[in-house]
Every structure is written in structure tokens, then in C-alpha cells.
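As given, the protein sequences belong to chains A and B, one line each in that order.
In this text, residue positions in the first sequence follow this note's numbering: the first is 1, and each later residue adds one.
In this text, residue positions in the second sequence follow this note's numbering: the first is 1001, and each later residue adds one.
One should not assume that every hint holds.
To be verified - Pairs of lysine-lysine residues, derived as BS3-like cross-links and limited to a Cα-Cα distance of at most 30 Å, are as follows:
hint, chain 1, residue 1, chain 2, residue 2
1, A, Lys-155, A, Lys-230
2, B, Lys-1101, A, Lys-193
3, B, Lys-1130, A, Lys-86
4, A, Lys-266, A, Lys-155
5, B, Lys-1130, A, Lys-79
6, B, Lys-1130, A, Lys-193
7, B, Lys-1099, B, Lys-1130
8, B, Lys-1129, A, Lys-230
9, B, Lys-1082, A, Lys-155
10, A, Lys-97, A, Lys-148
11, B, Lys-1099, A, Lys-193
12, A, Lys-193, B, Lys-1129
13, B, Lys-1129, A, Lys-97
14, A, Lys-125, A, Lys-105
15, B, Lys-1129, A, Lys-86
16, B, Lys-1129, A, Lys-79
17, B, Lys-1129, B, Lys-1101
18, A, Lys-86, B, Lys-1101
19, A, Lys-266, A, Lys-79
20, A, Lys-105, B, Lys-1130
21, A, Lys-105, B, Lys-1129
22, A, Lys-86, A, Lys-266
23, A, Lys-97, A, Lys-266
24, A, Lys-86, A, Lys-97
25, A, Lys-230, B, Lys-1130
26, A, Lys-230, A, Lys-125
27, A, Lys-230, A, Lys-105
28, A, Lys-266, A, Lys-148
29, A, Lys-97, B, Lys-1130
30, B, Lys-1082, A, Lys-86
31, A, Lys-86, B, Lys-1099
Said to hold, decoys possible - Computed footprint of chain B on chain A; a stretch qualifies when at least three of its residues, placed anywhere within it, have a C-beta under 8 Å from a C-beta of chain B:
hint, stretch
32, 158-167
33, 183-195
34, 199-208
35, 211-219
Claimed, not checked - Take a look, some chain A residues computed to stay more than 12 Å from chain B by CB distance:
hint, residue
36, Ala-12
37, Pro-74
38, Asp-128
39, Leu-251
It should be emphasised that the hints constitute simulated quantities derived from the structure, not laboratory data.
Note that the Cβ used here is the ideal one computed from N, Cα and C, for glycine as well.
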Amino acid sequence: MDKQRRKFLKIAGATALAGISAPVVVQLSSSPVLASAAKAAADSHNAEGHGTTEAPSGVRLGMLIDMRKLYGRPDLLDKATTACHKVHNVPEIDSSKNEIKWIWKTPFENAFIDQSSYHASQTTKDNDYLVLCNHCDEPPCVRVCPTKATFKLKKNGIVAMDYHRCIGCRFCMMGCPYGARSFNWMDPRPYIKEYNAQFATRMRGVVEKCNFCSERLALGLEPACLEAVKEVGAIVFGDLNDPNSEIRQILDQQHTIQRNPSLGTKPSVFYIV
Amino acid sequence: MYNKGTIIPGLIIFVLFVTFPLWFNAFSTASTVPKTELPPGGEKECVAPLDEMRASHMVILNEWRDDVLRDGDRVSVTVAGKEYRKGLQMACMECHTNKEKFCDSCHEYVSVTPYCWDCHLSPTLAATKKETH
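Whole structure, please, built from the sequences with the hints as guidance.
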């Protein structure tokens, strides 16, 4: 009995010692790996910091909104919204909690929250800004969707939605830093003023957002919002990866800003303010 | 046999009760097979032959849905010289303008409730709120 107890204590002691020293051993043996991993992280940080160019591959549709042409014209902002909402059967619900919006106007400090609005110009204070889904290159909404109801179209970079798959969990609304998504808390049909027979409505319990007018592009038409403000030519739409496209020509010449670029979502909607 | 007077009538009632669906449907008009009609516009051709459309229109619709939404392939389908855009509202209902006759009559008969119309607009419904100007 005594002998057995002595043996047990020895084994227990050895095990405890091994257990305590294990983290140290692991750390010592893996420190070169850790060091190289840290270096790789630093490299990638330098390489992919915001403001650097994105991989120019394939078609990536984008939009440029020249706000200078829309200052003092809130009627045009409303016209763009109305045009979009009409072709897409978007309901008009007069309640900020239930409203559905694909494209809307908002003050500068809401649109560009990481830009300082301290001592902002009178123009900036007086005007609203046209905002919509940014069709990001790194869309957080797509990452969080559990059913792949929202996804990035490989052929043109549009962040699309398949309403047949949406289960209404609203993760994407949490994910989107731009508030570009709206949830149908109720049957939208009673709130639609005019039906566009070429487009479907949505049902209660799904999330919806701007689709960059995919259905119009297929017919060779331009996005509805662009068409609505055509008289001043404030919106330009095209392939960001095509160096000869109109939008690229302007992007190459003018200083543009994006909404919250520091989040790393790489928006495809650009603004001249 | 004991209790002949109750067992035999009981059996007859039982058999009649069990076969109720058979003889009821044989005499009632509730379950007549719906008669199909050609679209009011007089179109004779569809995107696929009649039998194929009857048997697997839902498969075609699902394929179109996946093409259009998931692959962004909105290229229209041309059959016998006529161009059809992929879509329930844009292709099917263009000719078959009466959803109640074209869709509902058979779906009700076979007791299926597809959820198409939760979102998609039937021509009749779309016409209720039509552009006025």
C-alpha cells in the first residue's frame, strides 16, 4: 500500500510538471513560425490598406454620383428615388421603422460618417446626398448570409439577391454598414401605388435592396436613377475595370470619395462632392 | 351465425364507409379533370412541346430563375422564331394572360400551392394598379 502510494505521487508529480512546462515548450518551438506569421500579417496590411487599387479583373460595374450637379436640386434626388421605386415595385411606407428604400437621400454626416463635418461648408450642410447599395467588392452582407440568398455575381460584380432563398433572418442588415437593406415587416403590396408588370414584388419576411437595375441592363437600358437625373448628367454608370469606360475616365481625372472606405468593403459607388 | 342481424348490416356499412372516396368521386362533379384552353391571343407554340410543358414546366421555371438571378444570365430564349424573356411574368403570362384558368385550375385539381404569386404579379393583379399617366 505504501509503495503504491509512493509510485502514484511520483507519477502525479511528473505529469503536473510536464503539463505546466508544455506551453513554454510549444512557445519556444513555434516562435519562428509565429514571427513569420506576424510578418505576413504586416505585409498583407501594407498591401491591402484602403486606398490601394483593387485587382483589375473582369467586369465590375460601378456608379459615380456627381453631387455638384445635384446641389440645390432636392427635386432631382426625389425623382431618382421615385423612378427607382416605381420600376422595382418598392412599397411606399410612411414609417421610418417599416420603410423600404433602394435609393434615398440623407445628410452628409449620415452618408459619409468617417468624413469630418466640422466646419462643413454651407452647401454640405444644406444638401442631402443620394445613397444606395454600394455593391461592394468585399460585401459584408454576402459573408453573413446563411442561405446564400445574397451573393456577388461573378460576371459583373453586382451584389444580387435571390428572394426565393431569403429566410428573413436580417443578418445582412446587421452586416451592411450603409443601411442599404430594408426588411419587409408586412405585406408590401397594399403600399405599392403602381405595379410594374415586368417586375415582381416582394413578400412579407424578406430583405430587399438595390439590384443596380440588372433587369434593365439586360435590355440595354441604363439604371433608372441615372435616367431620372439625366437632365443634369449627375450619375455615371459603367465598368470600373475598363480603362476606356466613361466612369473610369472621370475617376482617373477627378478626386472622388467613397462611403466609409476605412471599413474595407471596397464600395463600387463613388461620389464627387 | 350468431347476431347475423347486426353483423351483416354492420359489414355493409363498413364497406360503404371505407370505399366512400371511390363512389363519391364517381358520382360527384367536384373532381372533373380541368379542361385546358389555348391562350386568348391565339398562340399555338410554347417554349417546349405540350407534354413537356405539362410535365416539367416547374423545372423550366426553376432553371430560368437560377439562370436569371444566380448566374445573371438574362439572355432570352428563342423558340420557333419567337423570343421569350426568361421569367414567369415576362414569358408565360404574356400569352397565358388568365392566371386563374392557366395556373390555378390544374394546381387546385392536383392540390399543389406553389408560392410563385406571393411575389410575382398576375396580369389581372398588375392591371389593378396600372400606370395612369
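Hint-by-hint comparison with the structure:
1. A:Lys-155 - A:Lys-230: Within the cut-off at roughly 27 Å; holds.
2. B:Lys-1101 - A:Lys-193: With Cα atoms ~27 Å apart, Lys-1101 (chain B) and Lys-193 (chain A) stay inside 30 Å; holds.
3. B:Lys-1130 - A:Lys-86: Answer holds: Lys-1130 (chain B) to Lys-86 (chain A) is near 11 Å, not above 30 Å.
4. A:Lys-266 - A:Lys-155: 17 Å, holds
5. B:Lys-1130 - A:Lys-79: 19 Å, holds
6. B:Lys-1130 - A:Lys-193: 9 Å, holds
7. B:Lys-1099 - B:Lys-1130: 17 Å, holds
8. B:Lys-1129 - A:Lys-230: With Cα atoms ~27 Å apart, Lys-1129 (chain B) and Lys-230 (chain A) stay inside 30 Å; holds.
9. B:Lys-1082 - A:Lys-155: 27 Å, holds
10. A:Lys-97 - A:Lys-148: With a Cα-Cα distance of about 25 Å, the restraint between Lys-97 (chain A) and Lys-148 (chain A) holds, given a limit of 30 Å.
11. B:Lys-1099 - A:Lys-193: 22 Å, holds
12. A:Lys-193 - B:Lys-1129: 7 Å, holds
13. B:Lys-1129 - A:Lys-97: 25 Å, holds
14. A:Lys-125 - A:Lys-105: 13 Å, holds
15. B:Lys-1129 - A:Lys-86: 12 Å, holds
16. B:Lys-1129 - A:Lys-79: OK: Lys-1129 (chain B) and Lys-79 (chain A) at ~20 Å, within 30 Å.
17. B:Lys-1129 - B:Lys-1101: 21 Å, holds
18. A:Lys-86 - B:Lys-1101: OK: Lys-86 (chain A) and Lys-1101 (chain B) at ~29 Å, within 30 Å.
19. A:Lys-266 - A:Lys-79: Given pair Lys-266 (chain A), Lys-79 (chain A) holds - Cα atoms ~27 Å apart, limit 30 Å.
20. A:Lys-105 - B:Lys-1130: The hint holds at about 27 Å.
21. A:Lys-105 - B:Lys-1129: Distance of about 26 Å is within 30 Å: holds.
22. A:Lys-86 - A:Lys-266: Roughly 29 Å separates the two Cα atoms, so the pair holds.
23. A:Lys-97 - A:Lys-266: 28 Å, holds
24. A:Lys-86 - A:Lys-97: At roughly 21 Å apart (the allowed maximum being 30 Å), Lys-97 (chain A) and Lys-86 (chain A) satisfy the hint.
25. A:Lys-230 - B:Lys-1130: 25 Å, holds
26. A:Lys-230 - A:Lys-125: The hint holds at about 25 Å.
27. A:Lys-230 - A:Lys-105: Between Lys-230 (chain A) and Lys-105 (chain A) the Cα gap is close to 17 Å, so the pair holds against 30 Å.
28. A:Lys-266 - A:Lys-148: Holds, because 20 Å separates the two Cα atoms, which is no more than 30 Å.
29. A:Lys-97 - B:Lys-1130: Cα-Cα ~28 Å, so holds.
30. B:Lys-1082 - A:Lys-86: Holds - the C-alpha atoms of Lys-86 (chain A) and Lys-1082 (chain B) are around 29 Å apart, at most 30 Å.
31. A:Lys-86 - B:Lys-1099: 24 Å, holds
32. 158-167: The restraint on the stretch 158-167 of chain A holds, since 6 of its residues have a Cβ under 8 Å from chain B and three suffice.
33. 183-195: It holds, with 4 qualifying residues against the three required.
34. 199-208: holds (count 5)
35. 211-219: holds (count 3)
36. Ala-12: 61 Å, holds
37. Pro-74: 22 Å, holds
38. Asp-128: 26 Å, holds
39. Leu-251: 24 Å, holds
Violated hints: none; the structure is consistent with every hint.
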